[in-house]
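Given the coordinates of chain P, assemble chain S onto it according to the supplied hints.
Residue numbers (my numbering), protein chains in the order written: chain P, 1 to 221; chain S, 1 to 221.
Some hints here could point you the wrong way.
[Said to hold, decoys possible] Cut-off 35 angstroms, straight-line C-alpha distance, at most; resulting in silico cross-link-like pairs (DSBU-like, lysine-lysine):
#1 99(S) x 41(S)
#2 99(P) x 41(S)
#3 41(S) x 41(P)
[What the hints assert, rightly or not] The following label-pair restraints were derived from C-beta to C-beta distances:
#4 12(P) x 167(S): 26 to 32 angstroms
#5 65(P) x 34(S): 28 to 34 angstroms
#6 173(S) x 167(P): 32 to 38 angstroms
Hints were generated in silico from the structure; no laboratory data involved. Every residue gets a Cβ at the ideal spot worked out from N, C-alpha and C, and that includes glycine.
There are 2 protein chains.
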Amino acid sequence: MQATSPFRYSDIEVDAVYRAIRERRDIRHFRPEPLDPEVLKRLLHAAHLAPSVGFMQPWRFIRITDRSLRARLHSLVDTERQRTAHALGERRDEFMRLKVEGILDCGEILVASLMDGRERHIFGRRTLPEMDLASVACAIQNLWLAARAEGIGMGWVSLFDPAELGRLLLLPPGAKPVAILCLGHVDGFYEKPMLEQEKWAERQPLEEMLFENRWAAAPLR
Amino acid sequence: MQATSPFRYSDIEVDAVYRAIRERRDIRHFRPEPLDPEVLKRLLHAAHLAPSVGFMQPWRFIRITDRSLRARLHSLVDTERQRTAHALGERRDEFMRLKVEGILDCGEILVASLMDGRERHIFGRRTLPEMDLASVACAIQNLWLAARAEGIGMGWVSLFDPAELGRLLLLPPGAKPVAILCLGHVDGFYEKPMLEQEKWAERQPLEEMLFENRWAAAPLR
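Next comes chain P alone, as it looks inside the complex (with noise of 0.2 angstroms):
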């Protein structure tokens, strides 16, 4: 029998649940108001009820509060913008003529890490190490989600050295920063998402990266 699910929940909050990850976007235009910070702490513990493997919550969060530390934050993305823009060749111009961060804009920024000691967590991750990752990019979506539910738009940027990123937060050895988190207010969200809208690259159709029993198979219907 394929019941209904007894867990299941309302139909409204379901379609929220769904909602949400549907209009989710990743955000690059703010308006400088703050946020809240009831909401602020609302997301991060949204963030901290993530999975993680061997439940080792390897995610940790810095809160950039000083200006000229933004500032420098700022200069450091658009250095790796710049070098990513001559990696691109042939694509260096479209790239160019991208928004691909709201670093100055947005009312809040957060630095997402990996923590340090990592090594030490073997559950999960004895061949898969990168797990960790995994686990602080599910945070990170939490995150997202809740804010699109709150109104609060995000942006993921990840055009930094995470080596100098790290000195400059005086990150410790094996700690690692993956995402410079851009929160703010908007004035909107994007129809679809903006990489889709300035034709960067298209959404593919979902059948074509389904397969059955083996990746060879014909795509699954």
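Below, chain S alone, put in the same frame as chain P:
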């Protein structure tokens, strides 16, 4: 001003998103009934709506419908479980008492994999190539939260040798499996994370994971 966002969802919708985040669990105890194919389709669509670095959409899903193949997946995982136990040393016996997967019991198995050809994607990955895994993790977290709202349990198993699993599923060079996802009906969702209930690890206070402007500063309160 810290006004409420005009884009905020209704209270019941906001609460639903937080509820799914709070009640999601890594499930290892399943009932054998299959998933409704329409539910599975919705869950996969939710995964596909995840953010991805440079909109590269690096996730691929292999549905395991062949029971003998499922048994071989289980055998791979059991081998790694023994190796992990050995590597854990003094926590070996404690680890071996844990139920770490429900591969043979659950209604549906999906293997999530990184796609091949990722080296072509430079946007957001020049200095952090592992952002592709972060994107796949966000897709899995979407699927997980949607499943919880649908009343369906999910467990993420990372106890396997990715090269061996890749060979078993005929993954092309450059692709890499990162999760065996067990999905299915349940008799209930754990009150707390199972590894917390079983006292494998404790939930850490969020406050100890938050810093301001630099790692070494006093935790943010």
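Checking against the hints above, which ones are violated? 4, 5
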